[in-house]
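Under numbering that gives the first Met the number 0, the first residue of the sequence shown carries the number 0, and numbering increases by one thereafter.
The hints are simulated quantities; they were obtained by calculation from the structure and are not laboratory data.
Any given hint could turn out to be false.
Derived Cβ-Cβ restraints for the label pairs, each shown as a range [as the list claims (entries may be wrong)]:
#, residue 1, residue 2, range
1, Gly103, Pro25, 28 to 36 Å
2, Leu13, Arg109, 21 to 29 Å
3, Ala5, Arg57, 51 to 59 Å
Heads up, the beta-carbon is just placed ideally off N, CA and C, and yes, glycines get one too.
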Amino acid sequence: MMLVAAWSRASLGLEACGPRLRPARPPPNIVARARRLERALAELGTEAEVARTHGMTRAGVSQYLAVARRLPADFLDGWEVETEPARLRKLSLRTLVEIAREEGEGRRRRRLAALLAGPGGTRKAGA
C-alpha cells in the first residue's frame, strides 16, 4: 500500500523567511550593557564571575567595563537610555573601546563629539 499526499513548502511551514521578510533587529545599546555589567561587577565581585553569569568571556566583560569606566559620565548617562537605531549604529563596542583608550578626557570628549556629529559615524572620525 502506498499513500501519496500533496504537500507544499507553505503547508509544512518551510516557506522562505529571508532577510527581506523579517524586520531587522535593532542595534544593541553598548553603553546600557556596559552599565549593567558594571552593576553586576559591584554585586558579584570579579570579572570572571560576571562573565560566567552573563555567558560572556572575561575579555569581553573587560572591554565593556573599560567603556563604562573611562568614558565621560555625562555621555554615559545620556547614551544609556538611547533607543533610536540610527544613532545606536554609530557606536559599536570596537569604536567605544578605541575612544576609551585615548589619553585624556578632553581627547575622548572631542572624539565622541566628532563621531556623533558626523553624518556616517565612521570609526576614524576625529582621529
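Holds or violated: 21 to 29 Å for the Cβ distance of Leu13 and Arg109?
53 Å, violated
Quick check: does the Cβ-Cβ distance between Ala5 and Arg57 fall within 51 to 59 Å?
For Ala5 and Arg57 the Cβ distance comes to about 55 Å; the hint holds.
Kindly confirm whether 28 to 36 Å is satisfied by the beta carbon distance between Gly103 and Pro25.
Holds: the Cβ-Cβ distance is about 33 Å, inside 28 to 36 Å.
Taken one by one, the earlier hints fail for this structure only at number 2.
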